[in-house]
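J.: Here the protein sequences line up with chains A and B, keeping their order.
Residues 1 to 506 (our numbering) make up the first sequence, in order.
Residues 1 to 506 (our numbering) make up the second sequence, in order.
Careful, some of the hints might be misleading.
[As the list claims (entries may be wrong)] In silico DSBU-like cross-links for lysine-lysine, where the CA-CA straight-line distance does not exceed 35 angstroms:
#, chain 1, residue 1, chain 2, residue 2
1, A, Lys197, B, Lys185
2, B, Lys307, A, Lys485
3, A, Lys460, A, Lys405
4, A, Lys378, B, Lys495
5, B, Lys213, A, Lys500
6, B, Lys334, B, Lys405
7, A, Lys444, A, Lys460
8, B, Lys305, A, Lys99
9, B, Lys485, B, Lys99
10, B, Lys444, A, Lys405
11, A, Lys8, A, Lys197
12, B, Lys405, A, Lys401
13, B, Lys213, A, Lys460
14, B, Lys485, A, Lys185
15, B, Lys485, A, Lys57
16, A, Lys197, B, Lys161
17, B, Lys307, A, Lys378
18, A, Lys444, B, Lys197
19, B, Lys252, B, Lys185
20, B, Lys213, B, Lys252
21, A, Lys485, B, Lys197
22, A, Lys485, B, Lys334
23, B, Lys161, A, Lys444
24, A, Lys485, B, Lys185
25, B, Lys161, B, Lys57
26, B, Lys307, B, Lys378
27, B, Lys307, A, Lys401
28, B, Lys307, A, Lys185
29, A, Lys500, A, Lys8
30, A, Lys252, B, Lys185
31, B, Lys378, A, Lys378
32, B, Lys99, B, Lys500
33, B, Lys185, B, Lys197
34, A, Lys401, A, Lys485
35, A, Lys444, B, Lys378
36, B, Lys197, B, Lys334
37, B, Lys213, B, Lys161
Just so you know, the hints here were simulated from the structure itself, not pulled from any lab data.
These numbers come from a predicted model, not from an experiment.
2 protein chains.
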Amino acid sequence: MEELIQQKLRHVGLRDKIVTAEEAASFIQDGMALGMSGFTRAGDVKVIPTALAERAKEAHFQVDVYTGASTGPEIDHVMAEAGIVRRRGPYQGAAAMRKRVNEGSVLYADAHLSHTPELVRQGIYGPLDFAVVEACAITEDGYLIPTTSLGNAPIFVQEAKEVLIELNVAHTDALEGIHDVYVPKHWGSREPIPLTKATDRIGTIGIPLDINKVRGIVITNIPDVPSPITPSDEETDQMAQNLINFLRDEIKAGRFTEDLPPLQAGVGAVANAVLRGFIDSEFTDLELYSEVMQDSMFELMDAGKVKVACGASITLSDGMSETVFSNFERYANKLILRPQEISNNPELIRRLGLIAINTAIEADIYGNVNSTHVCGTKMMNGIGGSGDFARNARLGIFVTKSSAKNGDVSSIVPMVSHHDHTEHDVDVLVTEQGVADLRGLSPKERVAVIIDKCAHPDYKDQLWQYYQDACAVAGNHHLPHDLEKAFSWHTRLMKTGSMKQQVTAE
Amino acid sequence: MEELIQQKLRHVGLRDKIVTAEEAASFIQDGMALGMSGFTRAGDVKVIPTALAERAKEAHFQVDVYTGASTGPEIDHVMAEAGIVRRRGPYQGAAAMRKRVNEGSVLYADAHLSHTPELVRQGIYGPLDFAVVEACAITEDGYLIPTTSLGNAPIFVQEAKEVLIELNVAHTDALEGIHDVYVPKHWGSREPIPLTKATDRIGTIGIPLDINKVRGIVITNIPDVPSPITPSDEETDQMAQNLINFLRDEIKAGRFTEDLPPLQAGVGAVANAVLRGFIDSEFTDLELYSEVMQDSMFELMDAGKVKVACGASITLSDGMSETVFSNFERYANKLILRPQEISNNPELIRRLGLIAINTAIEADIYGNVNSTHVCGTKMMNGIGGSGDFARNARLGIFVTKSSAKNGDVSSIVPMVSHHDHTEHDVDVLVTEQGVADLRGLSPKERVAVIIDKCAHPDYKDQLWQYYQDACAVAGNHHLPHDLEKAFSWHTRLMKTGSMKQQVTAE
């Protein structure tokens with residue numbers, strides 16, 4: 001072990017900074033703001049959060065916790081359960097944290113993932129007291145080599161007063177070299193980000209450390225918690241086919257060639273499954289310029305379909321994790337891990353002309369999308385990067401199954417109960433029913449396309465009925481709504497358990 | 001006149017292209033798509049639209065009309081009234097067009113102003129048959145010098161099959177030199193936009209013309225239609241003071257120095273009046289990186305407050321127009337006219353770290369903003385550039401008076417009836433009552449700040465009552481709403497003429 005540590009902790013000036021998790025946790029005081037590494041379970045810190053939760057058994061304290069995105073159980077479960085999180089941002093995705101976010105005992109402000117570094121720069125999260133960051137190694141010349149995510153780690157390390165490091169020897173050495181760390185300067189002296197291709201490397205292989213800010217290094221040996229497996233099903237296969245057929249039509253229309261623009265795909269089961277659909281397509285040499293590198297991206301690599309895959313994290317299921325990390329050399333030369341300020345940057349998304357594929361909870365007849373709040377009130381996870389991508393991509397595509405909860409919920413509703421993406425940012429809507437191409441259409445035209453192409457057949461008549469009612473009230477207006485009935489589907493669901501007008505007893 | 005034309009039409013190869021407005025109009029066929037110059041009344045084409053409307057008396061035809069933003073009466077009044085506009089985008093602002101947009105006889109898709117060039121590149125507006133563009137001059141080497149706006153003229157000229165030009169001798173020669181034309185390349189070969197300061201010039205002084213595409217040139221002599229005067233009042237003065245005091249607090253908090261970041265201010269009376277408030281402030285050397293250069297910007301120049309003012313158009317009231325254009329040399333060296341793809345580009349807005357000040361029709365207790373649809377259905381103008389700026393600025397500020405219609409309408413409502421800007425993009429809300437700084441706050445915290453600081457006193461109790469009702473239904477959720485009452489204020493307004501719960505008969 002000692003030899004392994006020497007091999008990983010190569011900066012001699014830091015060797016005397018090794019502390020226990022408990023010692024590291026003891027540096028953190030009530031009321032402090034922490035910037036912690038971790039993006040969608042990957043590369044999060046693991047033992048300091050647990051030690052903090054332990055300490056809470058003796059003395060009450062609370063901290064503000066900012067991360068890249070969601071984390072493994074140590075932050076969003078253990079720390080949440082211990083009641084030591086006062087504020088949380090910019091994203092979460094665990095049951096324990098979600099419960100506290102909803103009841104309001106954790107003050108949660110979800111934010112566009114590309115915005116968080118700017119909020120740090122502005123001091124909106126307060127001065128960050130500690131960056132708490134997982135590392136795979138620290139080089140001779142003081143670069144912190146991150147692990148399976150980059151997320152906000154670079155800006156946290158840069159801006160925090162002090163730095164705590166978890167040096168995790170469980171990660172493969174082969175991770176060294178896949179990171180590309182670039183941090184835009186503060187406003188006033190900021191230059192163009194010099195990335196013009198998804199394959200470009202523009203920064204350093206690690207995060208530059210101010211050695212004097214390093215307060216302690218904890219040695220750990222704990223793998224990332226795998227993500228749940230996300231199997232495809234008949235509907236996601238159909239959605240993938242619908243999407244791919246749409247792209248074929250775009251090629252026929254001359255909008256791009258078979259060398260597709262770089263693709264981004266949102267986190268989670270549906271987007272993952274849709275991306276998997278490219279395996280059996282004619283498309284090859286794919287450039288994946290995304291946020292989270294999920295199972296399907298590695299399946300695409302195994303199928304020889306990928307030119308480059310980049311993102312802010314590598315988040316895999318148990319089985320895929322085993323495959324990938326025990327043969328990491330096979331993938332490494334096609335992988336680039338980027339800070340979320342780069343993976344999600346409007347400047348780059350727009351310059352590269354991405355096709356962005358993100359998941360909707362629900363969409364409405366005019367093309368607005370809810371991606372965060374069930375029935376307008378209950379937070380699921382957060383907006384994440386969907387707004388960064390949908391607003392700036394060449395094609396902003398949202399995917400959702402047309403119905404949920406055994407058909408009791410229509411994913412196409414009269415008006416979304418919470419607005420995360422307005423009609424101006426939703427170019428294309430895909431369900432297993434079909435594809436609604438909304439570009440350039442007026443609202444009244446969008447209604448027909450969305451109901452016709454995307455709604456579940458069980459709800460089509462009911463949607464048309466709503467639209468007729470809306471036109472009776474405001475048909476001479478640009479965007480007819482009957483504000484008294486706009487949420488009637490959601491209130492019916494809450495009262496009867498179904499959005500259907502007449503629930504038949506079978 | 002002949003001499004004047006020689007002086008303005010300096011490319012000898014184009015001298016034989018001069019045609020009458022009627023001839024030019026005759027080239028335009030039923031079903032064609034036109035990209036016409038014009039941005040907020042400035043620099044629009046004037047005689048070809050009128051000639052088209054005349055032709056419609058003899059033969060029925062319709063065209064699709066895309067512009068920079070809103071236009072003078074020739075397009076959005078005369079052409080609208082003649083019934084010859086089938087589709088319209090991306091923005092309009094005239095009564096005649098608004099009526100047709102709302103009734104649906106003109107198919108209108110409003111869009112983020114920075115998105116329109118990308119939509120043109122993708123062919124979403126169809127292949128553009130004609131660019132119809134106003135010019136101040138055409139140089140010896142074939143550059144079209146635009147007039148008082150740039151807007152989308154460069155992309156229209158570049159992408160359209162043919163070009164029609166209105167060479168308008170009414171404009172001062174001094175306009176030559178204030179344009180800075182830069183058009184990003186198509187995706188795949190696009191490079192960073194090389195602008196790092198508001199003062200930078202990155203392009204050419206005119207739009208490069210493919211001479212073979214020029215189908216005709218019409219000589220005109222008609223000034224722009226002035227915009228209405230936008231007087232300040234007690235409330236806008238107070239809003240300006242509130243905003244300036246907020247900026248002072250930001251300086252005290254160390255977020256920026258007295259050399260303020262570049263400012264953007266939305267179009268229209270309120271934003272114009274708020275900007276005017278800077279005249280009596282300590283701030284100087286202002287960098288105005290905006291969309292429309294309005295009266296107040298020139299008043300600030302007269303007051304010696306401005307280092308540089310740039311935008312996509314110069315849109316002035318009658319009196320100010322007289323002052324500015326008869327002394328244009330006095331202003332010219334501080335002015336830069338940019339294409340809207342540059343003035344509104346997310347890459348640049350974010351790089352420069354703008355303070356963006358835009359106007360809301362209404363905002364809700366969680367910080368969402370409606371800037372387009374009255375009572376959720378009736379289109380006013382369009383989203384314009386507000387989304388480009390609010391999403392990407394360092395500070396996204398929205399301003400609105402706290403009430404309207406003699407107090408019968410509260411501008412702070414339980415839920416906005418149409419969502420243009422979600423809570424993720426609204427950093428700060430300013431009314432004459434005060435300033436709500438929403439950055440980093442959870443939804444439940446935002447409610448208290450917005451009601452306390454921004455709502456009109458007449459509506460505070462009623463807003464709290466709604467929030468209590470919402471908490472009774474969904475208090476254990478992140479963002480409490482009572483979906484049955486969320487729009488009750490709007491439906492009450494429609495029924496009773498007032499949002500107030502009890503309308504007292506006085």
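J.: Next step is simple, just say for each hint if it's right about the structure.
T.: These are the hints, each one checked on the structure:
no. : hint                   : verdict
1   : Lys197(A) to Lys185(B) : holds (14 angstroms)
2   : Lys307(B) to Lys485(A) : violated (52 angstroms)
3   : Lys460(A) to Lys405(A) : holds (17 angstroms)
4   : Lys378(A) to Lys495(B) : holds (31 angstroms)
5   : Lys213(B) to Lys500(A) : violated (57 angstroms)
6   : Lys334(B) to Lys405(B) : violated (39 angstroms)
7   : Lys444(A) to Lys460(A) : holds (16 angstroms)
8   : Lys305(B) to Lys99(A)  : violated (52 angstroms)
9   : Lys485(B) to Lys99(B)  : holds (30 angstroms)
10  : Lys444(B) to Lys405(A) : holds (29 angstroms)
11  : Lys8(A) to Lys197(A)   : holds (32 angstroms)
12  : Lys405(B) to Lys401(A) : violated (44 angstroms)
13  : Lys213(B) to Lys460(A) : violated (48 angstroms)
14  : Lys485(B) to Lys185(A) : violated (46 angstroms)
15  : Lys485(B) to Lys57(A)  : violated (43 angstroms)
16  : Lys197(A) to Lys161(B) : holds (30 angstroms)
17  : Lys307(B) to Lys378(A) : violated (48 angstroms)
18  : Lys444(A) to Lys197(B) : violated (42 angstroms)
19  : Lys252(B) to Lys185(B) : violated (42 angstroms)
20  : Lys213(B) to Lys252(B) : violated (56 angstroms)
21  : Lys485(A) to Lys197(B) : violated (49 angstroms)
22  : Lys485(A) to Lys334(B) : violated (53 angstroms)
23  : Lys161(B) to Lys444(A) : holds (30 angstroms)
24  : Lys485(A) to Lys185(B) : violated (46 angstroms)
25  : Lys161(B) to Lys57(B)  : holds (27 angstroms)
26  : Lys307(B) to Lys378(B) : violated (40 angstroms)
27  : Lys307(B) to Lys401(A) : violated (53 angstroms)
28  : Lys307(B) to Lys185(A) : holds (23 angstroms)
29  : Lys500(A) to Lys8(A)   : violated (59 angstroms)
30  : Lys252(A) to Lys185(B) : holds (22 angstroms)
31  : Lys378(B) to Lys378(A) : holds (30 angstroms)
32  : Lys99(B) to Lys500(B)  : holds (28 angstroms)
33  : Lys185(B) to Lys197(B) : holds (21 angstroms)
34  : Lys401(A) to Lys485(A) : holds (24 angstroms)
35  : Lys444(A) to Lys378(B) : holds (13 angstroms)
36  : Lys197(B) to Lys334(B) : holds (13 angstroms)
37  : Lys213(B) to Lys161(B) : holds (7 angstroms)
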